[in-house]
Amino acid sequence: MRESLYRQAEGIDANGFVIQDERFVGLDNYRDVFTGQQADLFWNAFDNTTFFTFTTVAIEIILGLAMALVMHRAMRGRALVRAAILVPWAIPTAVSALLWRWIFDADGVANALLGRQILWTADGPAAKAAVIISDTWKTAPFIGLLVLAGLQLIPKELYEAAHVDGAGPWRQFRAITLPMIRPVLVVAVLFRMLDVLRMFDLPYVLIGNQKHSVETLSMLAFNEAGNLRYGPAAAFSTLLFCYVVLVAFVFVKLLGAEVIGQAATRRVRHRRRSAARRSRKTATT
Amino acid sequence: MNRHLHPGTRATAVSALVVASLSLSACSGGSASHSPSSSPSTAAARGPITLATGKDTSGNLEKLVDGWNAKHPKETVTINELPAAADGQLQQLVQNAQVQSDAYSVLALDITWTSEFAANRWIDKIPTGIIPANTFPSAIDSATYRGTTYAIPWQSNGGLLFYRSDLLRKAGISNAPTTWTEMQADCAKVLALPDTEGASCYAGQFDKYEGLVVNFAEAVQSADGELFDKDGKPTVNTAESKSALTWLVDRFKDKTIPAKSRTYQEENGRKEFQDGKLVFLRQWPYVWDLANKTDGSSKVAGKFDVAPLPGKNGPGSSTLGGLNLAVSSFTKNKATALDFITYLASPETQRANLLATSQAPTLTSLYDDPELQKKFPYLPALKESINQSVPRPKVVRYGDVSSAIQEAVYPVIAGQAAPEEALSSLQKKLEQITTP
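One line per chain: the protein sequences are X and E, in this order.
Numbering-wise, the first sequence is residues 2 to 286 according to our numbering.
Numbering-wise, the second sequence is residues 1247 to 1682 according to our numbering.
Some clues are possibly wrong.
[To be verified] Result set (SDA-like, lysine to any residue): computed pairs, CA atoms no more than 25 angstroms apart in a straight line:
(1) E:1476 - X:18
(2) E:1675 - X:18
(3) E:1558 - E:1636
(4) E:1476 - E:1578
(5) E:1499 - X:214
(6) E:1309 - E:1597
(7) E:1317 - E:1337
(8) E:1416 - E:1393
(9) E:1501 - X:14
(10) E:1675 - X:102
(11) X:254 - X:26
(12) E:1488 - E:1455
(13) E:1578 - E:1434
(14) E:1301 - X:248
(15) E:1476 - X:14
(16) E:1621 - E:1633
(17) E:1371 - X:18
(18) E:1501 - X:102
(19) E:1371 - X:16
(20) E:1675 - X:213
(21) E:1501 - X:254
(22) E:1301 - E:1312
(23) E:1675 - X:111
Hint data in this document are derived by calculation from the structure and do not stem from the laboratory.
Next up, chain E with everything else stripped away, as it sits in the complex (with noise of 0.2 angstroms):
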C-alpha cells in the first residue's frame, strides 16, 4: 500500500502508516484486546519512565517532572510531547497502543476519551483508595468505564459565563443572571445603553467541531435535559432538547447571539470579549488571566466578572472539560508510573500547578482556598460549574458521536434545518453508532 498510494497526502500517509502498524501487531501475535500484557512481574517494576502528553504550553510540566527527577534518580521521567491538536494526540496514542508499544508509560487523557482506551484494554485499573478523597464526583466518573477507575482525574474544567460586571452595573443590574430570560432581559438594558453600539449580547463556541458539541449538550443539559442515560443509551429526541436547540436558534435569529459566532472557536470569542463587543460570553476559565491583561491587549480588565451558566428555569449545567492520567498497559515499569501519576495529581503538585498555570485542579479543597481565591477571584463560581457539570457521552465510539452532534445540530443554527427532524435524526444515528 506504501508503494502503490500517491505519496503526500497525509490522509494516505495516516492510513498507509496505521496499515503498517497493524500488520506489525498481527505478527506479534494476537490482538491487542486479548492479551493486556499485565504480568504480575510488570505491575512491580521500577525504572525509567515517559509521559505522553499534548503540547506543555505553561511549561510547568517540566519544573513538575524535574521535581519529581530530582527524588528519583533511578525511575526518571521524560516527556514526550504529543501534537498539539487534539486529534493528533489521539492518533499518536492510539497508534501506539494498537503496536503495543512500551514507548509511552504514562498518558493524559483527554477525559472523552477515558472510555475508548479502557474499552480496549489499553490502559490498567487504577487499584482503590489513590485518588486525593476530595476530587470532584464529576471528575471521578469521567475516569470511571462501567464502574472500574482506569484513570486519575489531574486537571480540570468547566464553562463559565463571563459578563461585563461594568455594563450590568451602569443598567442598574446588580447580579449576574441565572436563566436564560434573565440573561435576555439584562441585554436589552445594557444594550440600551449609548456605550454599546455594535456590541452584542452572547456568543459560545458554535463553530462546527467539538466546540459545539460542549455548547449544544450544555444548553440542553441546562434545560434539564440529557444526551445520554445513564445506561448509556441516547436520549436527544425529547421536549427538554427540542426548547434548548429551539432557544438557540431563536437567539441566533434575533441577534441576541451575533450570527458571526457560527464561525467562533474559543479564541475568536475571547478576542470579541476583550475588544468590548460582547456582554456575555461562555467561556473556559483561561479568559480570565488573558482578558485581565493591562499591557492594551485587553479593552475589558478589570471590567469583568465570572458566574456559573445560566439555564432554562435556573443555574444552567457546564460540559466537564479535563485530563486523566492512565497507565498503558505495555509499559514495563508499571509502579513508578503508578507512583509518578499519585504525585502529579497530589494536592501539593495540583496547589503548584495552579498557582503557576491557573490550569483548573481536580480537588475541590482548593477551591476553598483563601489564598488561591485571592488570586484567581473566579475559584468559587468554577467550583459550582465543575460540581453541576456532566462529562460527555461515555461511549466507545466517541469520534463518531461527536460527528454526529456537530452534522445535527449545524444546519439548524444556520437555520437551514428544523430542530424537530434534526434531533430525530440525530437520535437514530446516535442508536446505530453505541449498539454494537
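Chain X extracted, bound-state conformation (with noise of 0.2 angstroms):
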C-alpha cells in the first residue's frame, strides 16, 4: 500500500547509468491508472477480470449443481464417482493449465473434435472461451462437491412428504432442494468468485503473457512488477484488492444477509401480506 504512494524516477544521468529516486508521488500511480497511459490497459484488464468472473462462476454453479444431483442420486460406485470429479480440482492450475494448452493446440484435439482450426492460443475471443472452458472444468466439480455436502444434509422424510403431496421432481426441486442448499450454494459462490477475480496462473500460461484478450489485473500488476514499476504495479494491486474486498462486501450484504436473516424476513413477508388481505377486507365491506 505505501509503496504504491512512490515511483522511482527512471533518470539516465550522462553516462549510462541510472539514475534512481524513489519519489512521493501521492496518488499519481492510481490517477494513472485511471486516466493515464496505462488505463486502456487496466480497463481492458478489468473488463476480462470481471467477464470472467462473471461467466465462469454461472457456468460452473450450473454445472456443479447438475454433478452434485447425478453422484448424490447414484448409488453404487459413488465413492469413485466422486474421486473422479475431483481430479480436476486437485491437480494444480499450472499442470492443467499446460494441459489444456495441448488440447487447445493448432493440431491439437479441441481443433481435431471440432474439424477445423481454430488459433485458441492466439490473442482474441477463441482465448477467453478457452480460458472460460478450461477454468469451468477444473473448478466445476469443486462446487459440486460442496453442494453434494448440501444435499447429504436434507433428511428424506421432506421429499417423501412431498411426494404424499403429489410434487412433481421439478416441483421438489424448486421447494426442497434449492432453498436447503442455498447457504451452501452461497459459500461457494463466493469461493469461486474472490478465487476468480485473482486469477493468474490459468490464461498465463493456457494463453500467455501479453494477451489482451485474457489479461487479467493479477497478470497485470505481475507484468508491472516485473518492468520493475514497483508504484505503479503496488497500485493495481491495491486496486485488485479494494475490487476483491468491495465484490465480497456486496455478495454477502445481497446474498449472506439474507441467508441468516431468511426465516426473520419470510415471517416479515407473511405478516405484511395477511395485514394487506385484511386491509383489502375491511376496503369492501
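Reconstruct the complex from the two isolated chains, following the hints.
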C-alpha cells in the first residue's frame, strides 16, 4: 500500500547510469491507472477479470449443481465417481493449464474434434473461450462437492412428504432442494468469485503473457512489477484488492445477510401480506 | 502490504516481496545506484563463490564446475539454479541486486539484460584483455554498454534456416535460397511435388512473446533496416521496416506462412518440421540434434540441412542470442569470480561444452575446427549467421521495448491492423520508452 504512493524516477545520467530516486507521488499512480497511459490496459484487464468472474461462476454453478445431483443419486460406485470428479480440482492450476494448452494447440484435440482450425491460444475471442472452458473443467467439481455435502444434509422425510402431497421432481427441486442447499451454494459462489477475481496462472500459462484478450488485473500487476515499476504495480494490486473486497461485501450483503435472516424476513413478508389482505377486506366491505 | 493484500496471487506476492526488498535496501542506507560496493579490498579477495544461472538442462555445467573445484579447493563454486523461465530468472537476479545481496557472485545474463544491469551498476566492469581474442564482435558488442565492457560472452546463438534438402533436390534445386523471393519460388516447386501434401512453406516463431520480437527484428534487418540506430534512437518507421512487415503480412495472407504459426513458439515449429510438414523453418541450432534423432521422434532425420537466413535483397541477418557472464557488484570474492568466468569462457572449456551440449560457443576459432565441424556440420552456417547478426536493442528498459514491439506487430500479422499505422505508433512508443 505504501509503495503505491511512490514512484522510481527512471533518469539516466550522462554516462548512461540509472539515477534511482524514489519519490513520493501521492495518488499519481492511481490517477495514471484511470486516466494516464495505463488506462487502456487497466480497463481492459478490469473488463476481462469481471467477464471471467461472471461467466465462469455462472457456468460452474449450473454444472456443479448437475454433478451434485447425479452424484447424490448414483448409489453404486458413488465413492469412485466422487473421487474421479475431484481429480480436476486436485491438479495444480498451472499443470492443468499446460494440459489444456496441448488440447487447444493448433493441431490439438479440440480442433480435431471440431474439424476446423481455431487458433485458441492466439490473442482473440477464442482465447477467452479457452480460459472459460478450462476454468470450468477445473472448478465445477469443487462446487459439485460442496453442493453434494449440502444435499446430504436434507432429511429424506421432506421428499417423502412432498411425494405424498403429489409434488413432481421439478417442484421438489424448487421447493425443497434449492432452499435447503442455498447456504452452501452461497459460500461456494463467494469462494469461486474471489478466486476468479485474482485469476493469474490459468491465462498466463494457457494463453500466455501480454495477450490482452485474457489479461487479468493480477497479470497486469505482475507485468508492471516484472518491469521494475513497483509503484504502479502496487497501485494495481491495491485496486484489485479493493475490487475483491467490494465484490465480497456486496455479495455478503445481498445474499449472505438474507441467508442468516431468511426465516425472519419470511415471517415479516407473511405478516405484511396478511395485513394487506385484511385491509383489502375492510376496504371492500 | 503483506498483511492487507489477499494472499495467493503470484502477482501480489511478488510485489509484496519486492516492496519488502525495497524497504530493506532503504534501511541499509542509500540506494543501489549510489554505492557500488567495489572497495579495493573485495576486488582482490578470493574464496568460495556462487554462480547464478538458469536451469542447467544438459547437466554439463556441473561437470565444468567440478573441474574448477578440483583445482581450486579453497575457492569452490556453488551453482545457484534459477527458474527455467527467463522472466523468472530476471526477477530473481534483480531482486537480489536491489537488496545488494552477496548471494550471487557470477551472474549468467541473457544478452538482452546486460545493459540494464550495467546501467544500474549491479555488475562490475571487466578489465581489458580478458575476453579471448577471437570472440565474435557482435557477442562482445552485446557485453558492452556505452563503450565499457561489463561481461564476458560465454554462449552465443544465431537463427538458422532449416530446410528440407531432400525435397529441394527432388524439385531440382541444388542450393538453399538466399533471398525471400528465391525461397518462395523454391516452395512453389517443392509443394507441387506429390509427396508434400498438407505441408506449408515457411514458419518461424510468431506467437506473441519474445520470439516475435526476434523474428520481426530479423525481417527488418534482412530488409536492410534496423530497429534502433547507433545512438540508441528507435528507427522503426522507415521504408525498410515497412517492407519487412508487409512481407510477413503478405506471406501470412498467401499461406506461405501457415496461420497457425501465429501460435508457434520454438517447440511447436520444431515439431511441425520434424513431422515433415514444413519445407523451411527459422530456428536456433539446438534443433539440429533433435531433428536428426533416429528413434522415431523425427521423420526428417538426415533429410535436412541448414543455411543462413535469407533476406530481401540478399543474405539476411539474424538476431543474436546467448549468455554473458558478469561479476556481481555486491559479491565478496571478486578475484575468484573473475578467474572463474575467464575459465568458463576459455577456448578449452567452450570446446568441451560444445561437444557435450552442442551449445553455440562465442569463439570463431571453434567454428573452423575440422574435428568439430565433422560432429556439428551446421557450424559454418552458424558462424556466418552470428557474424551477420545484430544484438537486440541495448536499452535499459528492454522489457518495455519488447512488449511494445509485440503489441504493435502481433495484430498486424493477424491481419487486424495496417503496417503503416502500427509502425508509426510503435515509433512513438519506443521514443517514449527510450527517452528518460
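- Item | Agreement of residue 1371 of chain E and residue 18 of chain X with the hint, judged by alpha carbon distance not exceeding 25 angstroms | With Cα atoms ~13 angstroms apart, residue 1371 of chain E and residue 18 of chain X stay inside 25 angstroms; holds.
- Message: Just to be careful, I want the Cα atoms of residue 1675 of chain E and residue 102 of chain X compared with a cutoff of 25 angstroms; is the pair within it?
- Response: violated, 32 angstroms
- Verify the proposed pairing of residue 1675 of chain E with residue 111 of chain X, using a straight-line Cα cut of 25 angstroms. Since the Cα atoms of residue 1675 of chain E and residue 111 of chain X sit roughly 38 angstroms apart, the hinted pair is violated (cutoff 25 angstroms).
- Would you mind confirming whether the straight-line C-alpha gap from residue 1675 of chain E to residue 18 of chain X stays at or under 25 angstroms? With a Cα-Cα distance of about 22 angstroms, the restraint between residue 1675 of chain E and residue 18 of chain X holds, given a limit of 25 angstroms.
- Task: Assess, step by step, whether the Cα of residue 1558 of chain E is no farther than 25 angstroms from the Cα of residue 1636 of chain E, and give holds or violated.
- Result: holds, 16 angstroms
- Is residue 1476 of chain E within 25 angstroms of residue 1578 of chain E, Cα to Cα? violated, 36 angstroms
- Item | Proposed proximity, residue 102 of chain X with residue 1501 of chain E (alpha carbon, max 25 angstroms) | Distance ~24 angstroms between residue 1501 of chain E and residue 102 of chain X Cα, so the pair holds.
- Agreement of residue 1488 of chain E and residue 1455 of chain E with the hint, judged by alpha carbon distance not exceeding 25 angstroms: holds, 21 angstroms
- Does the structure keep residue 1499 of chain E and residue 214 of chain X at a Cα separation of 25 angstroms or less? Given that 25 angstroms is the threshold and the Cα spacing comes to 23 angstroms, the pair holds.
- Given pair status - residue 14 of chain X, residue 1476 of chain E, alpha carbons within 25 angstroms: Judged against 25 angstroms, a Cα distance of about 18 angstroms means the pair holds.
- Quickly compare the C-alpha distance for residue 1309 of chain E and residue 1597 of chain E to 25 angstroms and report which way the hint goes. holds, 13 angstroms
- Given hint residue 14 of chain X paired with residue 1501 of chain E - CA-CA distance at most 25 angstroms: violated, 48 angstroms
Hint violations for this structure: numbers 4, 7, 8, 9, 10, 11, 13, 14, 21 and 23, all remaining hints satisfied.
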